[in-house]
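Input sequences plus hints: build the corresponding full structure.
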Amino acid sequence: MRICFVRLKYFIRQIFSGKSLRESWSRTLFYGIKPIEYDDLVREREAQVPHPTDLSYQPLVSIIIPVYNIEDRFLRPCLDSCMEQTYKNFEVCVSDDNSSLESVKKTLTEYEEKYENFHVFWRKENGRISENTNSALSIAKGEFIALVDDDDLLEPYSLLEMVRYINEHPETDMVYSDEDMLTEDGSRRHDPKFKPDWSPDSFMSIMYTCHLCVIRKSIVDKLGGFDKRFDGAQDYDLVMRLSEITENIGHVPQILYHWREIQGSTALDMGAKEYLKAASENLKKEALERRGYKAHIVWCPLKEVVQCFPIYETDDDDLVSIVIPSKDNFKVLKRCIDSIHNVPAGVKFEVIVVDNGSNDKNKAKYQKLLESYGDSYVYEPLKFNFSRMCNIGASHAKGNIILFLNDDIKVAGDGWLSNMAGHAKLPYVGAVGCKLYYPKGCAVQHCGVVNTAAGPGHAFYGIEDKDIVMYGGRNLLPYNFSVVTGAALMVTADKFKEVGGFEETLTIAYNDVALCFSLLEKGYKNVLRPDVALTHYESVSRGLDDKDSEKTKRRIAEMERLYELHPAMKGFDACFNPNLKNDSADFRYE
Numbered sequence: 001m002r003i004c005f006v007r008l009k010y011f012i013r014q015i016f017s018g019k020s021l022r023e024s025w026s027r028t029l030f031y032g033i034k035p036i037e038y039d040d041l042v043r044e045r046e047a048q049v050p051h052p053t054d055l056s057y058q059p060l061v062s063i064i065i066p067v068y069n070i071e072d073r074f075l076r077p078c079l080d081s082c083m084e085q086t087y088k089n090f091e092v093c094v095s096d097d098n099s100s101l102e103s104v105k106k107t108l109t110e111y112e113e114k115y116e117n118f119h120v121f122w123r124k125e126n127g128r129i130s131e132n133t134n135s136a137l138s139i140a141k142g143e144f145i146a147l148v149d150d151d152d153l154l155e156p157y158s159l160l161e162m163v164r165y166i167n168e169h170p171e172t173d174m175v176y177s178d179e180d181m182l183t184e185d186g187s188r189r190h191d192p193k194f195k196p197d198w199s200p201d202s203f204m205s206i207m208y209t210c211h212l213c214v215i216r217k218s219i220v221d222k223l224g225g226f227d228k229r230f231d232g233a234q235d236y237d238l239v240m241r242l243s244e245i246t247e248n249i250g251h252v253p254q255i256l257y258h259w260r261e262i263q264g265s266t267a268l269d270m271g272a273k274e275y276l277k278a279a280s281e282n283l284k285k286e287a288l289e290r291r292g293y294k295a296h297i298v299w300c301p302l303k304e305v306v307q308c309f310p311i312y313e314t315d316d317d318d319l320v321s322i323v324i325p326s327k328d329n330f331k332v333l334k335r336c337i338d339s340i341h342n343v344p345a346g347v348k349f350e351v352i353v354v355d356n357g358s359n360d361k362n363k364a365k366y367q368k369l370l371e372s373y374g375d376s377y378v379y380e381p382l383k384f385n386f387s388r389m390c391n392i393g394a395s396h397a398k399g400n401i402i403l404f405l406n407d408d409i410k411v412a413g414d415g416w417l418s419n420m421a422g423h424a425k426l427p428y429v430g431a432v433g434c435k436l437y438y439p440k441g442c443a444v445q446h447c448g449v450v451n452t453a454a455g456p457g458h459a460f461y462g463i464e465d466k467d468i469v470m471y472g473g474r475n476l477l478p479y480n481f482s483v484v485t486g487a488a489l490m491v492t493a494d495k496f497k498e499v500g501g502f503e504e505t506l507t508i509a510y511n512d513v514a515l516c517f518s519l520l521e522k523g524y525k526n527v528l529r530p531d532v533a534l535t536h537y538e539s540v541s542r543g544l545d546d547k548d549s550e551k552t553k554r555r556i557a558e559m560e561r562l563y564e565l566h567p568a569m570k571g572f573d574a575c576f577n578p579n580l581k582n583d584s585a586d587f588r589y590e
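Counting with the numbering used here, you get residues 1 to 590 for the letters of the sequence shown.
Do not take every clue at face value.
[What the hints assert, rightly or not] Taking CB as the label site, the calculated pair distances span:
#: 1; residue 1: ALA454; residue 2: GLU71; range: 44 to 52 Å
#: 2; residue 1: LYS303; residue 2: GLU550; range: 42 to 50 Å
#: 3; residue 1: ASP360; residue 2: GLU550; range: 23 to 31 Å
#: 4; residue 1: ILE245; residue 2: ALA278; range: 20 to 28 Å
#: 5; residue 1: SER549; residue 2: ASN582; range: 23 to 31 Å
Note that these hints are calculated values from the structure, not bench results.
Predicted model, so just to flag it, every value in this text is computed and none were measured.
Don't be surprised by glycine CBs; every beta carbon is placed ideally from N, CA and C.
The structure is reproduced here in C-alpha cells:
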C-alpha cells in the first residue's frame, strides 16, 4: 500500500511539472522512487540483511583513493567511511595529485599520522586521474584492491560483503556491487543501480559495473594499471581489458557504495564532460580490434543516453536462413515475405516457409508467392507444433545463421538482418533477439524476456517507449537478457545443433525460453538488440492464449514442463537483479 501511495505522489508531481500523461506514467514506472521515499525503503531492507562474522579467508584489501582538490566536507566523510570498515584486514592507499587546496594536504597528513593502515603518495606534479590512481596502486600491498572516489561513501560492511563473496568463490578476479546516488549534501540516497551479473554485451554498451569494484591486484599489475589515454573512462577501459583475460567476474547484489552528486561531475550528468564521449568510443574501438571483431561504433540516437555501441559486421559468405512456420494465413504471410524482400537486409539470406497443412487453395497461394521470390516451401501436414516446424525448417537451411521468424512480423530498418547476424556470429553469443512493436503507435511487445518468480515475462510489455529511457537504457542499447522471444530469434546453425534445436514436447509456448536456457547452460550469452525494431501483429495466426481458458491451462502445463527440463532456472535470472520486484519483468524496485 505504501509503495502505491509513493508512486501516486510521484505521478502527480510529474503531471504538475508539465509532462504528458504517457510520459508521467512511464517515468513513474521506470525512473524509480523519489529520493526520500527510496532512502526509507532501502534502509528498511538493508537492516534485514545478515552480515558474516567469521571468514576463513581474510586477504588484505587495499582501498585505492585518487585525490585532487576535493573539498574537506566531501573528503573527510569518504575517508571516515573507509576507515570504519567492519572488515579489518585492509589499508587505505591515497595518492594526492599535487593538490593546491591546503585543506587536502592537512587532512591527508592528519589521517596518515592517526592510522597505521593509511598511506599517502604525494605526487610532485599533476598527472590527472589515471596516473594519480596508478600512484596509489604503487604503494598498495593488498592481494585485492577496492576502487573508491574521493567524494563517495562506503557502507561499514562493504568490504566484508565483498570478501564474503571471495570466500564463497575463491577463483574470483573481480567482483562488483550495486550502488546508488547520494545528494551533494549527503542527506538523501536515491536512484539505485541494481545491476545484472556479468553481462559482456551490456558492458560493451554501458559501464555498469562501476562501484564498488574489488579486483585482484595481480590482474591489475598484469594489465599495466590504468591507461591515461582514457582519462575519465579509465576504469571502463581497465575492466574491458580485464574481461579479456579472465571470466572470473562476480557480483554482490547489495548496495555497498554511494556515489555523490556534485555539480559538473559525471555522477550528476553522463554528458557533463565531452571528452568522456571520445574516451568511451575509442576504448571500445580498441577492445574490438584486440578481440578481432569487425564492427563499427554508433551512438544512441536519443540524446539523453550518452552511450555508444558496436554494430558487428557480417562476411560476404554469410547466409541467413529465415525459417517461417505458417498455415492457412496467406494475407499475413504475404505482408511478412514482401517486407523481407523489400527492406535492405545487409546480408545474404534465404527464406524457408514451413507449412503444416494449409488447404489446397492457400497452399497454391503460398507456392505462387514464394516462387515469385525464389523462396523455399516445405509442406508437411502435422498437428501444430511450433518447435517441430522450426526444427523441420532448420533441417532444410543452407545458411550458417538461422532466424526463426513468426509469419505475423513485418520487418523494417535498413540492415536489420545484418545487425542481428553480425552479433549472432560472436563465439560467446547464443540467441539474438530484437525489439518488437505492436502495429499502432510505439507500444512494446518484446524488449527481452525476464525469468521472474511468476515465470517468463516480457520486459516493458505494452509501454510506449518513444523518447523514454527504460531501466538503464535497455530499450535502446544492446543488453544481455536470459531469454529473447522466438517470434524473431537468431542463432548460428552450429549452436542450434549443439543444443539439439527446439524442445518438441513444448509444442506452442516456452519453446523459445527452453532454447535460450539450453544456450545459457552451454555457457553462451543471449542478447537483445533494440536498435533493430520490427512490427509484430502478435498471435494473428493463432489468437492470444490469455483469452482462452483451455489455452491458459496448456500454457501452465508447458511452463511446468519448461522447469522440469531446466530446474536450475526456476525463479533465477542472472540478467535481472534480485532486489527488483521478482514477480514483474518491468525492472521495478518495490
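Outcome of the hint check:
| no. | hint | result |
| --- | --- | --- |
| 1 | ALA454 to GLU71: 44 to 52 Å | 48 Å, holds |
| 2 | LYS303 to GLU550: 42 to 50 Å | 48 Å, holds |
| 3 | ASP360 to GLU550: 23 to 31 Å | 29 Å, holds |
| 4 | ILE245 to ALA278: 20 to 28 Å | 25 Å, holds |
| 5 | SER549 to ASN582: 23 to 31 Å | 27 Å, holds |
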